[in-house]
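So the sequences go chain by chain: H and U.
This note's numbering applies: residue 52 is where the first sequence begins, and numbers increase by one.
This note's numbering applies: residue 80 is where the second sequence begins, and numbers increase by one.
Hints in this document: simulated from the structure, not taken from any laboratory.
Derived pair list, reagent style SDA-like, types lysine to any residue, alpha-carbon separation capped at 25 angstroms: (1) U:K98 <-> U:K202; (2) H:K332 <-> U:Y165; (3) U:K173 <-> H:R310; (4) U:K195 <-> H:N335; (5) U:K117 <-> H:I315.
Computed list of chain H residues with no C-beta within reach of chain U, every gap over 12 angstroms: (6) I165; (7) D217; (8) I360.
Since the model is a prediction, treat every value here as computed from it, not as a measurement.
All C-beta atoms, glycine included, are put in the ideal place defined by N, C-alpha and C.
Each chain is listed here by its residues.
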Amino acid sequence: MIVDEKKYNIIVIEDNLGDFFLLEEYLSEKIKLPTIKHFERFSEFKQTNESLDNCDIIFLDLSLPDKSGTELVEEVLKISNKIPVVVLTGYSDFSFALKAIALGASDYLLKDEINSAILYKSLVYNIERFKNIIKIKESEQLYNDLFQLSPQPIFVIDSDTNFIIDINKACEELYGFKKEELINEPIRTIFNENAIDFNNHETIITQKHFKKNRDSIITEVKYNKIVHNGKEAIIIVSNDITKNIEHLEEIESQNTKLRDIAWIQSHVVRAPLTNILGLIKLINETESVKDKELLFHLNQSVIELENSINEIVNKTHNM
Amino acid sequence: MKKYIFIIDDDPISIIILKKNLELIAISQEIETFSNGKDAFNYLEKEYHKNEKYVIFLDINMPEMNGWEFLSKVEPFITSQNTTIYLLTSSINKADMEKATQFPLIKKYLSKPICKEVLIEIKEKNKL
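So that you can see chain U by itself, here it is in the shape it has in the complex (with noise of 0.2 angstroms):
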């Protein structure tokens, strides 16, 4: 079983800092980025396999697609039992925060900036 780990977010800045924080606890797997939702989703609707898992780390505000709009797309093909989705965003406006409950396959709603301490357990609970 093959481990993905993507990154949706359009701030290239944000993404040079989590993956700079991912090798800094030691993720092995090779991490795919993309800069909007829309991408994510083309990708996905075509290469998600059932008996593989993600671990996806999804920013709200982007453009094309942003990470609302990604989820209800994605929602009819994919589960939760080999995806997890991490919320990361810069936003702390509690609606942000009240409407990512209504999402099923969001396991937390992480606020930038993301620490190590936050992604050692992704790692350990996803076994990265």
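Just chain H, with the same shape it has in the complex (with noise of 0.2 angstroms):
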């Protein structure tokens, strides 16, 4: 006879001591070592301080002193969470057994039908299912968040009916809305669906949106087509651009204002200054430092120059 020499941490919660010595005497038949814990009722399994980090399998009574039925099985799925749970029952409980499969244990096994073979192939088989169970919860979960916690704002909306899925946390942030408030309404509360072909998955498009509170933005947007829940669906990724052509617009009002200045500079204050150059290059040639006329204009010159610097400090203070 083939015995395990894995290490296996037991639980077992049984109030009848008959039973227990008998599960401890199939258990050791087929594995070297087990370790076996034993709690008669679920207050002591309740409280214990022990971690159940280590522990592999937990077989349950379904009839305990303290507690029984659908209440039992549901708290104690509730403690055991990533370790599989077998229910133990007589004969006049099987219909139970299938219930407590249903709310969530790994397998039941008749007590009168049990034997060291059948329970060493339950607890084989339950511990490295309930493995793989795990793996697909937390790849479930893992894609839930990818979705879920993505900073790109995310609609799902059905292919048919153009009404909305779901939505991920982002989309409420960004549009104001609360997942139930979107959720079975229409897309079109979003933005204008109309002659937008949902099969293009190959451009990014520009497009206005509506907010909740009815303020605009512009967005870009990427569709695709994904299954969700057996259903052909419609993913539409969303990416706010409006501060971006905001920000092109203002620097575009910038450079125009800059372009001003330039000519500004360039005709109207170089205009007097020119001619200030000029009278003074006049009065050196003609020696006519006395000439009232070429002295009043180049006065006026200088005037009209500190003027147009003055416009220009005011157009830049205002940028």
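Two chains, each in its own frame: build the complex with the hints.
What follows is the structure, given as structure tokens:
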């Protein structure tokens, strides 16, 4: 007879000592050194301070003096979390054994049918299967997180009706809607979908979208087909570029102002300045320092220059 | 053949400076002044003759009709055979200098203030 030499940590919650010893006996037949922790009451199990992390499997009797039935299964499953729970029951409770599975128990064993082979098979099978279930759950969680926690707002809409099926947190934040307010609402609430080809998966499209407060934003969106709960759906990834556009417009307006200033510098400021230079040259060449007319014009030009400089300073200040 | 000298500029001080400089280098021809492109265009449209000679000092920035607009308006009926236009402006803007090259009527782009040496050269070239 082959004996399993792996280390197993097993919890047995069973108030009937006779049944417990039998179970212990069967386990020892197939496993070299099983570590078995025994609780006679649900309250004992609940209050145990020891970590369940190392535990491989729980065998649970369905009728304990302090708790039984649905309530017992639910409470134990809450605590066991990532450990498979196998329920033990008699013939009379067979129908409830099935209910326990529906609630999330991994397997059931009829006490009257248990022998070492059946018990060992159930133990190994449920431990291994549960590892896979946890992996699937973790990957489901991961994909859910990728959607929910994506920094990019995402809508999922029904490809037949264009009604919203799901949105993520970033979407709630950007559009100001609560998830409940948008589910089963038409995507028209956000943007006008007439003349939009949702089959176009290649192009990034610029769209005008509306928030809950009816403020409009400019977004770049991309569509893709997905299967959501077995139905064909469209995923819409939205990227708010309103600020970028505003920023661009601001820069363009500043550039225009800068060009204006360059023009003023060149024409308005330089005009009196060139006059001053021209007048000084004339005064030098004709040696007519006392020429009242030239001096008068010189004075005029200096005042004009000052005014143009003030104008530039004001324009630059307003930028 | 009569020779005309035109100054088209809205800035009276600038006109005075140019006139005094032309006096200094002893230019004897009569000088006509216009304070914008439109007045000069109206005059030329009526009085322009192919067998007379024109030397025009043209400013860019003017009210009513600026230097560029004036050039576009006169281009159809004025030839560089008998007309020499000097763009005389306070602008040192590159865009203005580049634009000037698009007009074959413009002989030279002159930045203010004008100096006597340049005027002497113009006088000799145009036999004023």
